[in-house]
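J.: Chains A and B, in that order, give the protein sequences.
The first sequence begins at 283 in our numbering and counts up one residue at a time.
The second sequence begins at 29 in our numbering and counts up one residue at a time.
Quick caveat, the hints were computed from the structure, so don't treat them as lab data.
Every residue gets a Cβ at the ideal spot worked out from N, C-alpha and C, and that includes glycine.
One thing to keep in mind: the hints can contain errors.
Below, in silico cross-link-like pairs of lysine to aspartate or glutamate (EDC-like), each with a Cα-Cα straight-line distance of 16 Å or less [to be verified]:
(1) K626(A) / D767(A)
(2) K563(A) / D347(A)
(3) K728(A) / E632(A)
(4) K248(B) / E753(A)
(5) K308(A) / D347(A)
(6) K298(A) / D368(A)
(7) K256(B) / D741(A)
(8) K248(B) / D603(A)
(9) K187(B) / E128(B)
(10) K248(B) / D642(A)
(11) K449(A) / D368(A)
(12) K601(A) / E558(A)
(13) K449(A) / D365(A)
(14) K248(B) / D636(A)
(15) K298(A) / E512(A)
(16) K314(B) / D687(A)
(17) K449(A) / D492(A)
(18) K612(A) / D687(A)
(19) K563(A) / D603(A)
(20) K601(A) / D615(A)
(21) K314(B) / D642(A)
A few chain A residues that face chain B, going by a derived Cβ cut-off under 10 Å, partial list only [said to hold, decoys possible]:
(22) Q367
(23) G370
(24) P619
(25) D636
(26) G638
(27) I639
(28) V640
(29) D642
(30) L643
(31) E647
(32) N648
(33) V653
(34) P662
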Amino acid sequence: MTAPVPPAPVPIVEMKSISISFPGVKALDGVDFRLFPGEVHTLMGENGAGKSTLIKALTGVYRIDDGEILVGGQSRRLTGTADAQDAGISTVYQEVNLCDNLTIGENVMLGHETRGRFGINWTATHRAAVDALEKLGLGHLNPRQPLSTLSLAVQQLVAISRAMVAKSTVLILDEPTSSLDANEVEGLFAVIRRLRDQGVAILFVSHFLDQVYAISDRMTVLRNGQYQGEYLTRELPRAALIATMIGKEVASLASLDSERAERDHLHTDEPILRAEGLGRKGSIDPTDLELHRGEVVGFAGLLGSGRTELARLLYGADKADEGQVYFRGKKVDISTPTRGLAHKIAFSSENRRDEGIVRDLSVRENLVLAVQAKRGWARPLSKRDKDAIVTKYLAELNVRPADPDRPIRNLSGGNQQKVLLGRWLATKPELLILDEPTRGIDVGAKAEIQEQVAALADDGVAVVFISSELEEVVRLSDRIVVLKDHRKIAEIINGPGVTADLIVNTIAEEGVPAGADAAWSTPADREVSE
Amino acid sequence: MTETQSAPARTAARLLRTPYFWGIVAIALLLLVNVLRDPGYLAITVNPANGNLVGNLVDILRAAAPILMIAVGMCLVIATGGIDLSVGSIMVVSGAVAMEFLNAAAAPDSVLAALAAFLLAVAFGAILGAVNGILVSVVGLQPFISTLVILLAGRGLAKVITEGQNTAASNEPFRWIANGYLVGLPVVLLFAVLIVIAVGLLVRRSALGLMIEAIGMDPKAARLAGIKRRSLLMTVYIASGILAGIAGVFATASVMTVDVSRTGYQLELDAILAVVIGGTSLAGGKFNLGGTVVGALLIATLDKTVVFLGISSSATPAFKAIVIVVLCLLQSERVRQLFRQRRAPGTFVPSKETIPA
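Chain A on its own, in the form it takes in the complex (with noise of 0.2 Å):
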């Protein structure tokens, strides 16, 4: 439905060879990026690939170390916000950074008030931005309305009209699909699409493919801080945008085979969880799913594909607002994450700073820390079960340094996360789920914990494995369930024949990708087989 403009002979925006370093990471490296007047030009890549980093180079949150950035033509030292606003240069973030409490118009105009003889001159001040409203298809909305009234969606078109009336020629929008659900974002959409035909020149950033491709003309993908090419969106297949951004050829991922040996997958027996129609609005979608004993289950999906929402919903650290979880077949309330440790499941968060570790305490107390906050505060530890618990864990898990008594902050981030592993283990879990407990960590590390999960799906605990590289997934699970922009679009069981490869065009076409073979199912199929 949108016929690409065809770009105007000049970018309004262009950065050149553009490198940032941080201690110890080179965020980019050598980075190229065009931006033409009248295009939606979408900024591609997996975490950690340098999007935010070249989004803030250009917002002038950052300081470039080499490179050149030409706006409009012109070389320009960008060195704060103020710069790339006076430069026409404009963002939305996903937070929307604008005033709860301030009306509508008040927002719109902040910093553009129509001025009187007597300082501001309110009613032209709401009447101009009544106009600039309009102009995006808002004219309904009343400018005396405070802006808390507004649902976040509109509260985010506000943001793009404010940035309008600032005069932007560059809108980037930063994630700003991530909490709108279908009717909201068509509505976005609109007014980009409206923005586009006027000549500004939009920087999209999602992690939601099929938005990706409804909407933009142009992609630039970058991945570890390196630029790796500009396209056409119509050019370039979903499945090459994948491998491009993953940094596979498709034809490679192929042969990477599962390594886990082809197990009795037919479980007859009851299975441990059972999720029905388990969903939150705006992370997941209603899911079905069923996770056996001694069966590594893998959630694969890109970034902000309902994954780690799922993960959350099965532990209680969020709470659901639709469906049943089934624990043996009893129907338990998983609400919160105290619930979910009693009923023997245990999550380890994909965010290990804010949400695993507690930096200041030592790695020993770390380790018992949800085993004490199983049995409550009244009912200690005892120093002989304690040591008992830390003795065991730093042996079997490997920690470096051994010492008990070290405050964790001071461990590499391997440690951390075994340490972390350790802490879910000692409570003794029939359900454990992983969220990205390989990331970041170094190889030794990495290895280490697979085989962890291995291990213990051989003794019989039902494990969840999410990870952001599909080789991985593959290679250690029994079954893989693939989730795309908040739903579960299918589940693969895994075999010789299922490959990553698999997965992307599974995730890239939504549904039975051509040539599979009969290895896989969706979950319809799954309910007529059962």
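With chain A fixed as given, assemble chain B onto it according to the hints.
T.: Below, chain B alone, put in the same frame as chain A:
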């Protein structure tokens, strides 16, 4: 640090880093000032008539008892990342309830009446503490606001209870709590010491301390680890209320009168200061009950010194402020580093090594 340092030097260096070291130094200095004024200041004599210890030090310890109570409660609340501004007002409510009860009971020698008055006072403390706890943990208000509400409402409640009067009562057993002696020591001091030890044991021998620290340091991680934040906060605010109730009994029993506008007035600030002096961060997390005790003793010493030196009451706050500012500066890591750098440039070693995770 370096190998050339002798063992005593290392001990000294470690002592210097103890958070409440400077609190102890400040107490010693204040006592020194008093001794300079009156060489017999520290003398403790035994009253030949009844064998009781008398002297300025005993007075200081006796005066420290109420502050000790509320400071210990405050320490636990602050460790969870909160604050309890209501303790002074809870003191006056408890005192008012006890005095009104004893006044109505009109049984000057009844131990039972004294016990009932004590329990009533503690119960009111617990109830107000529970209100704080509900506002903070269930309603989700900020601790500062929740307890500010009780700070304001509490004194009003006390006035309602006593109908605006400064109710006095007579009951010897109740008076004994604050003024009596046992084995030569003030009862109130023994009481305070016992309660502090009991709280210390409860917190450190059970897992309460670990959990309080965990939710104070990282509420999100603590929640995912299964810690019940809500009930823990309830427990802590109720504990603080109970301790404030006991402090209210101590404060009113010594004069057998509740002064609705003076009892416990601004003592919450003293308690916060005691906690901070004791090396517990207002940001929550690691807490130090021993340090809090030192802090409470310092506040009491300071109060007594001001009186002893005859500093005019209008200048008292300024004097207190100076002592506390100096103390906080000495405790501050940055100021200490400045000193160290000036003393020995080149040998500067950061005392805390932090490796980014």
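J.: Against the 16 Å threshold, does the CA-CA distance of K248(B) and D603(A) hold or violate the hint?
T.: Given pair K248(B), D603(A) is violated - Cα atoms ~21 Å apart, limit 16 Å.
J.: Would you check the hint for K728(A) and E632(A), treating anything up to 16 Å between C-alpha atoms as holding?
T.: Answer holds: K728(A) to E632(A) is near 14 Å, not above 16 Å.
J.: Please work out if K601(A) and D615(A) have their alpha carbons no farther apart than 16 Å.
T.: holds, 10 Å
J.: Between the alpha carbons of K449(A) and D492(A), is the straight-line distance 16 Å or under?
T.: violated, 30 Å
J.: For the hint on E647(A), just tell me whether its beta-carbon gets within less than 10 Å of chain B.
T.: Nearest chain B Cβ about 6 Å off; hint holds.
J.: Compare the distance between the alpha carbons of K248(B) and E753(A) with 16 Å, and conclude whether the hinted pair is satisfied.
T.: With Cα atoms ~31 Å apart, K248(B) and E753(A) exceed 16 Å; violated.
J.: Minimum Cβ distance from Q367(A) to chain B below 10 Å?
T.: violated, 33 Å
J.: Does V640(A) pass the interface check with chain B, least Cβ-Cβ distance below 10 Å?
T.: holds, 5 Å
J.: So, as I understand it, the hint says I639(A) touches chain B; can you test that by seeing if any CB pair is closer than 10 Å?
T.: holds, 6 Å
J.: Can we keep the D636(A) interface hint, with Cβ of chain B closer than 10 Å?
T.: Where the cut-off is 10 Å and the nearest Cβ of chain B is about 6 Å from D636(A), the hint holds.
J.: Using Cβ atoms only, decide whether P662(A) comes closer than 10 Å to chain B, and label the hint accordingly.
T.: At about 4 Å, which falls below the 10 Å cut-off, the nearest Cβ of chain B leaves the hint on P662(A) intact, so it holds.
J.: Does N648(A) meet its interface restraint, that is, does its C-beta lie within less than 10 Å of any C-beta in chain B?
T.: holds, 9 Å
Hints 1, 2, 4, 6, 7, 8, 17, 18, 22, 23, counting from the list given before, are not met by this structure.
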